[in-house]
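Novice: Taken in order, these protein sequences are the chains called A and B.
Its first residue numbered 1, the first sequence is counted upward by one per residue in my numbering.
Its first residue numbered 1, the second sequence is counted upward by one per residue in my numbering.
For the record, the hints were derived by calculation from the structure and aren't laboratory data.
In this text the structure is predicted, and so the values were computed from the model without any measurement.
It cannot be assumed that every hint is accurate.
To give a feel for the contact side, a few chain B residues facing chain A, derived at Cβ under 8 Å [to be verified]:
1. Arg11
2. Ala18
3. Asn25
4. Leu26
5. Pro109
Listed below are the simulated DSSO-like cross-link pairs for lysine-lysine, each with C-alpha atoms no more than 30 Å apart in a straight line [stated by the list, open to error]:
6. A:Lys123 - B:Lys182
7. A:Lys59 - A:Lys245
8. B:Lys276 - A:Lys123
9. B:Lys276 - A:Lys205
10. B:Lys276 - B:Lys14
11. A:Lys47 - B:Lys182
12. A:Lys59 - B:Lys270
Just a sample of chain B residues kept apart from chain A, beta carbon distances all over 12 Å, derived [what the hints assert, rightly or not]:
13. Ala43
14. Pro62
15. Phe63
16. Gly159
17. Met186
18. Glu191
19. Pro203
20. Val204
21. His234
From the three backbone atoms N, C-alpha and C, an ideal C-beta is built for every residue, glycine too.
Chain residues, written in single-letter form:
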Amino acid sequence: MDGLLQLNIAEDIVARRSSVEQALQVNHVSKYFGGPSRFSLPTAKPKKRVVAVDDVSMKVRRGEIYGVLGANGHGKSTLIRLISTLLLPDAGTVEVFGYDVVREAAQVRRLLNRVSVEASLFKKLSAMENLLYAARLYSVDAALARREIVRILGMLGVPEKRVRQPVEKMSRGMQQKVAVARALLTSPVLLLLDEPTTGLDPRSKKDVQRFVLELRDRHDATVLLTSHDMEEADHMCDRLAILHKGSIVVEGTPLELKEEHARRHGMEALPSLEDVFMDITGRSLEEADEGDEEE
Amino acid sequence: MIATAQLPLVRELKASYAFVERNVNLSKRYWGWELTYLLYTVAQSAAVIYIADAVPQDPKHPFDVSAFTLYLAIGALTWSYMANLFMAIAESVQWERWEGTIEYSMMAPISILTYILGSCLFGVLYGLIRTAVVLVLLVFMFHLSASGAGMVPALLIVGAGSLSFVGFGIMAATLPLLFTEKGAQMTYAIEACLLLVSGVYFPVSKLPLWLHPFSAISPATYVLQGCREALLGHFTGSTMVDTMVPLAVISVVTVPLGVWLFVWAEHFAKRTGRLKRTG
Numbered sequence: 001m002d003g004l005l006q007l008n009i010a011e012d013i014v015a016r017r018s019s020v021e022q023a024l025q026v027n028h029v030s031k032y033f034g035g036p037s038r039f040s041l042p043t044a045k046p047k048k049r050v051v052a053v054d055d056v057s058m059k060v061r062r063g064e065i066y067g068v069l070g071a072n073g074h075g076k077s078t079l080i081r082l083i084s085t086l087l088l089p090d091a092g093t094v095e096v097f098g099y100d101v102v103r104e105a106a107q108v109r110r111l112l113n114r115v116s117v118e119a120s121l122f123k124k125l126s127a128m129e130n131l132l133y134a135a136r137l138y139s140v141d142a143a144l145a146r147r148e149i150v151r152i153l154g155m156l157g158v159p160e161k162r163v164r165q166p167v168e169k170m171s172r173g174m175q176q177k178v179a180v181a182r183a184l185l186t187s188p189v190l191l192l193l194d195e196p197t198t199g200l201d202p203r204s205k206k207d208v209q210r211f212v213l214e215l216r217d218r219h220d221a222t223v224l225l226t227s228h229d230m231e232e233a234d235h236m237c238d239r240l241a242i243l244h245k246g247s248i249v250v251e252g253t254p255l256e257l258k259e260e261h262a263r264r265h266g267m268e269a270l271p272s273l274e275d276v277f278m279d280i281t282g283r284s285l286e287e288a289d290e291g292d293e294e295e
Numbered sequence: 001m002i003a004t005a006q007l008p009l010v011r012e013l014k015a016s017y018a019f020v021e022r023n024v025n026l027s028k029r030y031w032g033w034e035l036t037y038l039l040y041t042v043a044q045s046a047a048v049i050y051i052a053d054a055v056p057q058d059p060k061h062p063f064d065v066s067a068f069t070l071y072l073a074i075g076a077l078t079w080s081y082m083a084n085l086f087m088a089i090a091e092s093v094q095w096e097r098w099e100g101t102i103e104y105s106m107m108a109p110i111s112i113l114t115y116i117l118g119s120c121l122f123g124v125l126y127g128l129i130r131t132a133v134v135l136v137l138l139v140f141m142f143h144l145s146a147s148g149a150g151m152v153p154a155l156l157i158v159g160a161g162s163l164s165f166v167g168f169g170i171m172a173a174t175l176p177l178l179f180t181e182k183g184a185q186m187t188y189a190i191e192a193c194l195l196l197v198s199g200v201y202f203p204v205s206k207l208p209l210w211l212h213p214f215s216a217i218s219p220a221t222y223v224l225q226g227c228r229e230a231l232l233g234h235f236t237g238s239t240m241v242d243t244m245v246p247l248a249v250i251s252v253v254t255v256p257l258g259v260w261l262f263v264w265a266e267h268f269a270k271r272t273g274r275l276k277r278t279g
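Take the sequences, apply the hints, and build the full model.
Specialist: The following block contains the structure:
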């Protein structure tokens, strides 16, 4: 991890990171899918419009780990995609360190990287080949990248002998660690983690969580984390928002959310974060997911 | 770790190499498929070239079998190169959809032109290497001999034609962006139409009149005419002009049009959420 202190980050990014206090600012953002299309045939059945993100606003401070909790299909991944310039908002604006994600997408992309629930790697290529490809896209010197790839993967618990093997021969957990390494290799100042530990074994989950915390503590990175794992969110996040049906229904520190729940219900002991989630959304995550699948 | 002192243009050019290296690595890992595809191309080319031997001879009108063999071989080889170049570019998006990596390439801090340039550079390299291997195998099988003097003009024509085919390839690459499930299959339809109208195995004059305008806008028509005249020994200065001018015009139109379409398709995909869907 110490080696990441030697990062050679572009001067304009360093200046921007130092001068802007809000790492991420989401202002009344909405995103819809489906609905009438200009390209549909007159005889085609009109597609139902789905509101994926509904008038969401949030501010994430520099150096903060901000969690977004919500069941499947309630807009977490859409929100991450809007921030990472992969989707265009239908309403509202998103700014990353003051750069608008639509008008200044090129600058935004230099500041962030993302890890999603799927590793999304070229399966036949080795971890080294996959990460070298990513490094070149982010203008990381190839010789330096080769050394860093071995080192970062080593810190994440991937042995050096596995680095040159095809990714398809790795376990799901190891593939996810390669995906995490891909994001870390480019030294993002805003790291978007979309359920990065879903499906990982407990040891791999701990490795990834420890690395993310170290990245924030030692390198001033800001992290936006979406998760299903209430324990993970409670442990890692400075602040949380619960996203329900595309809208943020509550926001605060884990302690604030629990205290508010205890106060409203006249409880002496603090509830778990899952209790808070159940209370606010009216059902548990498991129930919510089952309901969504039925829909 | 992000580089600091690089000019944007230098940074983008270096980043385009990422696509070349990645695709070379993928080709190495899929070597079994590459060998199978090579066998397919050689067998398909040979099947066409053997038609020359099968044409009945009329004693009153002697027929030059070796010239016709070369005519068909030039068609097969040139088409092999053009089709490979076209498909390498057109499949660049589809391949990423298949692997599920497209979002990561599209959110990298590079221009969309860099993405296109990288795919095109690999397409040219891949097309040249494959065609060279097919050429060696066909020369061995059919004892082909062409006009040595015509080699340089033929290569120049193929080079100029590559640029115009790049334009068509970029346009075709928009299809998998727009149509997540069947976009790649649509590019095969474009390839087949180009094969029909470009006179790959027969003169375009044999086509019905209504297809002639399509022949006129296909770069392969001019590449094939020029290469045949060069390698069959009928090459003149005016042939060069007649070939190069239309190719230059087609390139000037199709490359910017292809880039514009690709940028538009990327915007459309981001607006409608089509980047995340895997094919």
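Novice: Look at each hint and say if it fits the structure.
Specialist: Now for the hints, and whether the structure bears them out:
1. This hint holds: Arg11 (chain B) has a C-beta 5 Å from the nearest C-beta of chain A, less than the 8 Å allowed.
2. For Ala18 (chain B), the suggested interface contact is upheld, since its CB lies about 3 Å from the closest CB of chain A, less than 8 Å.
3. Interface hint status for Asn25 (chain B): upheld, as the beta-carbon distance to the closest one in chain A is roughly 5 Å, under 8 Å.
4. A cut of 8 Å between beta carbons decides the hint on Leu26 (chain B): the least distance to chain A is about 6 Å, and the hint holds.
5. Proximity of Pro109 (chain B) to chain A holds as hinted, the smallest CB-CB distance being about 4 Å (cut-off 8 Å).
6. Only pairs whose Cα atoms come within 30 Å are accepted, and Lys123 (chain A) paired with Lys182 (chain B) is accepted, the gap being roughly 22 Å.
7. Restraint check for Lys59 (chain A) and Lys245 (chain A): satisfied, since their Cα atoms lie roughly 20 Å apart, inside the 30 Å limit.
8. Distance hint between Lys276 (chain B) and Lys123 (chain A) is fulfilled; the C-alpha atoms sit about 18 Å from each other, no more than 30 Å.
9. For the proposed pair Lys276 (chain B) and Lys205 (chain A), the alpha carbon gap of about 25 Å is at most 30 Å, so the pair holds.
10. A hinted pair counts as satisfied when its Cα atoms are at most 30 Å apart, and Lys276 (chain B) with Lys14 (chain B) qualifies at roughly 27 Å.
11. Restraint check for Lys47 (chain A) and Lys182 (chain B): satisfied, since their Cα atoms lie roughly 20 Å apart, inside the 30 Å limit.
12. Taking the CA atoms of Lys59 (chain A) and Lys270 (chain B), the gap is near 24 Å; set against the 30 Å cutoff, the hint holds.
13. The Cβ of Ala43 (chain B) sits about 25 Å from the closest Cβ of chain A, beyond the 12 Å cut-off, so the non-interface label holds.
14. For Pro62 (chain B), the condition that its CB be more than 12 Å from all CB atoms of chain A holds, with the nearest at approximately 54 Å.
15. With a least CB separation of 49 Å from chain A, Phe63 (chain B) remains clear of the 12 Å interface cut-off, as annotated.
16. Against chain A, the non-interface label of Gly159 (chain B) holds: every CB pair exceeds 12 Å, the least being about 27 Å.
17. Even its closest Cβ contact with chain A, about 15 Å, leaves Met186 (chain B) beyond 12 Å, as expected for a residue assigned away from the interface.
18. No Cβ of chain A comes within 12 Å of the Cβ of Glu191 (chain B); the nearest lies about 24 Å off, and the non-interface call holds.
19. For Pro203 (chain B), the requirement that its beta carbon stay farther than 12 Å from each beta carbon of chain A is met, with the minimum near 39 Å.
20. Non-interface status of Val204 (chain B) relative to chain A is upheld: no Cβ of that chain comes within 12 Å, the nearest being about 34 Å off.
21. Against chain A, the non-interface label of His234 (chain B) holds: every CB pair exceeds 12 Å, the least being about 46 Å.
Comparing the model with each numbered hint stated earlier shows that all of them hold.
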